[in-house]
Amino acid sequence: MNRVPNGYVKLERLSVIEYRKFLKYESAIYAAVDYIQEKLIDKDIIVKTDKNNLMLRLQGRNIPHLFGLYQEGKVTDLWQNLKKHSLKFDKLYIKKDKSTFLKIEAMQSIQELFEGECRLIGNGIYQKVNFERGLRTNKLILMIGFDSDDQGIAYPKTALNIKRIKVEKGEKVKTIYTVDRSTKKTCVLKALL
538 MNRVPNGYVK
548 LERLSVIEYR
558 KFLKYESAIY
568 AAVDYIQEKL
578 IDKDIIVKTD
588 KNNLMLRLQG
598 RNIPHLFGLY
608 QEGKVTDLWQ
618 NLKKHSLKFD
628 KLYIKKDKST
638 FLKIEAMQSI
648 QELFEGECRL
658 IGNGIYQKVN
668 FERGLRTNKL
678 ILMIGFDSDD
688 QGIAYPKTAL
698 NIKRIKVEKG
708 EKVKTIYTVD
718 RSTKKTCVLK
728 ALL
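Read in order, the letters of the sequence shown correspond to residues 538 to 730 in the working numbering.
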């Protein structure tokens, strides 16, 4: 069995109130995962502003972390369970600081982040997490921080609920589109005229 990362507590050890709170978020988690699976996974995501372009990739193994979730077993098991809408509560962990609840609340705006008004920000350190670039909703709800690999492709590092965090305004995103990596089909998610 793999080692549980620092800062996580088993879901079963939560108070009854916190456990019920998590259960209320279950359908919101699945809705966000459905959107991510349908629109973003296995695609190159191109984000364009007047001055910058950014290529993003979301992979299944990155997604549970954005919700603040961890599961005993293989890294891919949790992603598979999320896609099937069948979380294994007896193997599930959330963040000890309860930031999982804030992340889930924010991740409900994932569609707004990619299809609504959003902004691209430069590197930053927010809530003790540093990243190279961030994509945030225009309304201060959700920000996903990204780091790039050697080829300049950005991968998600964190999701933050930014309702109570001061973040830079950033550049207005003009266009977001995806390119399916296997079929090369392009899909425009957002385009400002």
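Simulated from the structure, these hints should not be mistaken for lab results. There may be inaccurate statements among the hints.
Unchecked claim - Below, simulated PhoX-like cross-link-like pairs (lysine-lysine); rule was C-alpha separation at most 25 Å, straight line:
#1 635 / 709
#2 625 / 676
#3 547 / 561
#4 628 / 585
#5 632 / 547
#6 588 / 547
#7 611 / 709
#8 721 / 620
#9 628 / 611
#10 621 / 632
#11 709 / 676
#12 588 / 633
#13 632 / 721
#14 585 / 633
#15 558 / 621
#16 703 / 665
#17 700 / 711
#18 706 / 727
#19 709 / 576
#20 706 / 721
#21 721 / 561
#22 620 / 665
#23 576 / 665
#24 727 / 576
#25 558 / 727
#26 611 / 694
#27 632 / 588
#28 706 / 547
#29 621 / 588
#30 722 / 632
#31 632 / 611
#32 703 / 721
#33 588 / 635
#34 633 / 694
#35 632 / 620
#36 703 / 635
#37 711 / 665
#38 632 / 561
- For this structure, which hints from the list above don't hold up? 1, 2, 4, 6, 7, 12, 13, 14, 20, 21, 22, 23, 25, 27, 28, 29, 30, 32, 33, 37
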